[in-house]
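Chemist: Sequence:
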Amino acid sequence: MDDKMNEIAFQIILFAGNGKSSAMEAIQEAKEGNFEGAEAKLKEAGEELGKAHSFQTKLLQEEAQGNGQGVNVILVHSQDHLMTAMTVRDLAVEIIELYKFK
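Read left to right, the sequence shown gives residues 15 to 116 (this note's numbering).
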């Protein structure tokens, strides 16, 4: 795997981590009763995850065009980070709803 693929993998890790952190911060805002702040953090999480997803899409397009570079542990790790972060964001939405009706 070349440096370009590693760079993309690290970008996915970066933005997925940012998105996960924002989702967790959204839960804390809701826990404190600040639902506007929670919604702002969820929006931030979505934006960061969108950036990570864009990098993932680039990899998928390269693969579909027959230009795949193979897989290494860093790329697998980046995909794991992204999927976990997306799950945390989805759960944050539900947890915030629970706090709203508490």
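FYI, nobody ran anything at the bench for these hints, they're computed from the structure.
From a predicted model like this one, the values you see are computed outputs, not experimental measurements.
All C-beta atoms, glycine included, are put in the ideal place defined by N, C-alpha and C.
Keep in mind that the hints are not guaranteed to be accurate.
Label pairs and their computed distance ranges (CB to CB) [said to hold, decoys possible]:
1. E50 x A78: 40 to 48 Å
2. K114 x V90: 30 to 38 Å
3. K57 x V87: 29 to 37 Å
4. Q75 x D104: 34 to 42 Å
5. F115 x F24: 33 to 41 Å
6. F49 x F24: 14 to 22 Å
Chemist: It remains to establish, for every hint, whether it holds in the given structure.
Modeler: Against the structure, the hints:
no.: 1; hint: E50 x A78: 40 to 48 Å; result: holds, 41 Å
no.: 2; hint: K114 x V90: 30 to 38 Å; result: holds, 37 Å
no.: 3; hint: K57 x V87: 29 to 37 Å; result: holds, 32 Å
no.: 4; hint: Q75 x D104: 34 to 42 Å; result: violated, 25 Å
no.: 5; hint: F115 x F24: 33 to 41 Å; result: holds, 40 Å
no.: 6; hint: F49 x F24: 14 to 22 Å; result: violated, 34 Å
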